[in-house]
Structure formats: C-alpha cells, structure tokens
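Residue numbers (the numbering used here), protein chains in the order written: chain A, 52 to 401; chain B, 792 to 972.
Keep in mind that the hints were calculated from the coordinates and are not lab data.
Where hints are given, some of them may not hold.
[As the list claims (entries may be wrong)] Now the stretches of chain B that chain A is said to cover, found in silico as 3 or more residues with beta-carbon under 8 Å:
| id | stretch |
| --- | --- |
| 1 | 800-806 |
| 2 | 921-931 |
[Unchecked claim] Pairwise CB distance ranges (calculated):
| id | chain 1 | residue 1 | chain 2 | residue 2 | range |
| --- | --- | --- | --- | --- | --- |
| 3 | A | A86 | B | I820 | 20 to 26 Å |
| 4 | A | L107 | B | K837 | 53 to 59 Å |
| 5 | B | R802 | A | P124 | 56 to 62 Å |
| 6 | B | M849 | A | A86 | 48 to 54 Å |
[What the hints assert, rightly or not] If you want the ones that stay clear, here's a sample from chain A, every Cβ over 10 Å from chain B, calculated:
| id | residue |
| --- | --- |
| 7 | K60 |
| 8 | Q90 |
| 9 | D91 |
| 10 | V93 |
| 11 | N96 |
| 12 | L111 |
| 13 | N125 |
| 14 | F127 |
| 15 | I160 |
| 16 | I213 |
| 17 | E276 |
| 18 | V355 |
| 19 | T358 |
| 20 | D365 |
Here a beta-carbon is modelled for each residue, glycine too, at the ideal position from N, C-alpha and C.
Spelled out, the chains give:
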Amino acid sequence: MDSTIIIEKSVIIVAVFALTMLMAMYSTWAERKVAAWLQDRVGPNRAGPFGLFQPLADGLKLFSKEEFEPNTPNRFLFFVGPAIAMSTALMTSAVIPWGDRLHLFGRDILLQATDLNIGLLYFFGVVSVGVYGIMIGGWASNNKFSLIGAVRAASQMVSYEIAMGLSIIALLMMTGTLSLREISEQQAGMNWNVFYQPLSFIIFLICAFAESNRTPFDLAECETELIGGYHTEYSSMKMGFYLFAEYANMFISSTILAVLFFGGYNYPGMSWVVENWGVNIANILGFAALFIKLCGFIFFYMWVRWTIPRFRYDQLMHLGWRILIPLAIINIIITGIVILRAEIATYLGF
Amino acid sequence: MSIESISLSGRKKLVSNKEMTFWERMYLIAIVKGLIITIQHLFTRKVTIQYPEQVREMSPVYRGQHQLKRDEQGRENCTACGLCALSCPAEAITMKAEERRGDEKHLYREEKYASIYEINMLRCIFCGLCEEACPKDAIYLTTSKVLVPSSYEREDFIFGKDKLVMPLDIAMKNAQLKNAN
C-alpha cells in the first residue's frame, strides 16, 4: 500500500514538474509570438514549424554562454539566488488539483501531488519566499542597478501580497476552506467563484500581475531604467533560471486564478460525462478544461503586457496601498454582510 | 480674429486640466478599450515579407544600376555631350570626350565618344534625370536588383566604363531578338 502511493505520487510529481517546465519553456515562445502578432509582426518562425523549436534553441544558447561572475563578496548568495527563485516557482504546483480523480488499476488516483488542507496558505507562503530569490540575487550582484531592482521587487511584492491576501479572504469566507481541492469541488456546475466575487477576482488578478513581476508592474527589471534589474549581472543558465522562474510563476498564478475563480477542472456538463462516459474520460476532459483556462490566463498576461505601459513607482505603491487594500477590505465587509443576512434569514425561517 | 485663436495647422488643441470623473480615475474602462485595440491587431494581416523565400515586388518605375547602351551593331550610343552630367542634381557624372578615329567606326556610333565615363555611386541618388536628359538613348537606369556592392575603398564606388557599358554579347543578343521580331 505504502509503496504504491509513493509510486503514484512520484509519477504525479514528475508529470507536474515536466508540465511546469514545458509550459515555462513554451510560454517564452508564446510570449514572442503574441508580442509579434499584437505588433503586426510574424514572430519567430525559423526554428522548426511555426518556430516551435525556438525555446530549445534559446535554452541551448543560454547553456553555451559564458558563466560570468561579478567581483562579489557574496559568491554563495550569488549562486543561491536563482536556485531559490526556480525552486519556489516549481514548489507551488504541488497543491494544485489538476483534475478530480482517475480510476486506474482498481484504485482512485487523485490528480494532485498533495491535498493539503491549507493548500492556499501554502501557496501564499511559497510565493512570498520567491521574493528572496530576487532579493538575494540582486544583493549579491554587487551592482547598483541590481540592488535597486531587488529593493523595488521586494517592496512591491510585500505590498501587493497584503491586497492579494485580503481579496482572497472574501473568497474564503464564502468557501469556508483553504483546500484547493474542496474549492474546486464547490465550483462544480458553473458555480464559478468569479460570478460571486467579481471584485475579489479583479483585485486578485491585479495583484497576481504584481506578484509575478509582469508588465505593467515589472519595475523590478524595467530595461529602460535598470538595464535588467536584479538579473543584470547574471549570465548563462543562472539568468536562464531567473527568466524561467518568472514564466513558471506566470503559469502557476494563471493556474491558481483558474482554480480559485474559474472553476478549476470543472466544465459544464461534467456530471453528465461522468455518468455516461465514466470517471476517467470526464477527468481527462477536466484537465483539458483547466489547461484551456490557464492558457487563456497566460494569453491574458501577454495581452496586457503589450497594451499597458509600465507604472511609475509611486503610482504602483499608491495603487497597492490606497486603492486595492481598501477595496479588498470593503469587499470583505460586503461579503460578511451578505453571508450574515443569509444566515439570519435562514434562522428566522424566511 | 485674435492671435490666440489662429491655428496654422488646424490641429491646435487646448490643454485641459479638468478633474477626471470617478470612472475615469478607475482606468478600468480605458484599459479595456486599450485591450480591444491591441486584440484587433492580432487579426490584422501581417505585412512581413519572408525575405529569402519571398522577394518584395519591385515598383514599375524602379530605377537601379545605370547602363550605357549599345545599338544593334554593338556600337556605343554615347556621344559625350555632357547633358547627363549637367542634369545630374547630385553631380555624380564626369566624362571626357574624344573624337572618333576612322578605324573606330565599329565601336562608336557618333563622331564623338566618351573615353572616360564615370559615375560616383556614392553621390548618385538614382533619380533618373540623366536618362531623361540623354538625347542619344545612351544611358538607362536598369531594373537590376543588384545595387552598389559594398566595399572598403572609396575608389570602388566610382564606376567607370568597364562596369557601365552594356556587355557586347548582350547587345548582340538584343539585336538578334529585335530582328527576329
């Protein structure tokens, strides 16, 4: 029994790891393609059909680049930075439910690496550790641009984490659980949370942009001011790790958005499919539904990137502290009133 | 009409500092509008030409490398009148005239010919005025897609008669084609 669960979980973990890496790789390709299309260009199309081998070529290029180290007193930290960024980006995918369950070899297999009952809290915790990768890398680079980029990233992420957490509290008041699996299950049959908590969704979306350091909040690495921000001094695969971690983060936050607000693996008519075609097909379709949803969010990330210009830093802080946080608190209060009203109504027997 | 209200371009716009309304300050509507604009570009036709495979179509009035013509008997048309040099706005053309000797009748059509004919390709702007000025149909701007090849030496850009005059075999071929028709 024990050994089978180890095998089962290892297979899922390896599959999720591979999926994250693949998506991060092909996000770079998609980013370039979408950027090109939105700017009336064609984009990479030389390496393979539709330029599909472009990420491989890029990876090969990064591997073969010279490993350059600045004259830094913190050589160890300089190496640790990208490692932290990468590992935290990969760790978050552990709690995501990719589907409900598969019935194989006479066993029910949950399509999730681990079903923590505090899954959402785990996600927030790991994402906040991610800022250390940027901070340590920027600090150890011994470079003013890197340090400014790192400081910006750190303060931005810390500020937006508050609004993000507050926006999710309203959702949690509704769902009453931190487990991502239970949140997914509650949204079965088009009961998507986005219809009940639109304000929470918008705040969470904006904060997700800020958390993953994407435009319009990419002040940590804005090329015009800071060269490359925290990864100015990095080269070769260490730099590749930072970029990879950014895309992995984008993938994970898209998935979290889909799971929390857009029903996760649920799709209309899932119960019908379970009855008629069986659990396995229903859940494979569910995984496909989740995949489509998260790809939509990834596209949205890129779409926004080529639409909205970068914020100024004081505007960013103003938006975070003086607009999003009060809005999130108001949202909590409204949700509380609505829930309380419903409870009183049922108590009084309306 | 006061001086303040005059606008030469007709596009004068007063800067307004009016307070934004609540919805304008939210920026969400503006962002959605911007997103719609960018998504429209996703579906526009791309103008890119995949260069080595596709080549851009040349304009019918494309003007390329010059050529000094020969007539049907392979004689050079140019009589070194200098009108091309005179008409050249970039002053790219220089030439030296010489009188045709008796034994050179098969080489030059007119009694006078250009012993040196040079175009400075660094000065030439390919306007085609030399072609228009020429009374003897001697100089033409061809549709050759090969423009001036790059080089490190300035001398290489001064094209003499060796590069400008139409090769003899081509002239003969042209004459044959003309006779056949």
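Each hint tested on the structure:
no.: 1; hint: 800-806; result: violated (count 0)
no.: 2; hint: 921-931; result: violated (count 0)
no.: 3; hint: A:A86 with B:I820: 20 to 26 Å; result: holds, 25 Å
no.: 4; hint: A:L107 with B:K837: 53 to 59 Å; result: violated, 24 Å
no.: 5; hint: B:R802 with A:P124: 56 to 62 Å; result: holds, 58 Å
no.: 6; hint: B:M849 with A:A86: 48 to 54 Å; result: violated, 31 Å
no.: 7; hint: K60; result: holds, 41 Å
no.: 8; hint: Q90; result: violated, 7 Å
no.: 9; hint: D91; result: violated, 6 Å
no.: 10; hint: V93; result: violated, 5 Å
no.: 11; hint: N96; result: violated, 8 Å
no.: 12; hint: L111; result: holds, 23 Å
no.: 13; hint: N125; result: holds, 40 Å
no.: 14; hint: F127; result: holds, 43 Å
no.: 15; hint: I160; result: holds, 39 Å
no.: 16; hint: I213; result: holds, 20 Å
no.: 17; hint: E276; result: holds, 22 Å
no.: 18; hint: V355; result: violated, 7 Å
no.: 19; hint: T358; result: violated, 5 Å
no.: 20; hint: D365; result: holds, 16 Å
Checked against the numbered hints given earlier, the structure breaks hints 1, 2, 4, 6, 8, 9, 10, 11, 18 and 19 and satisfies all the rest.
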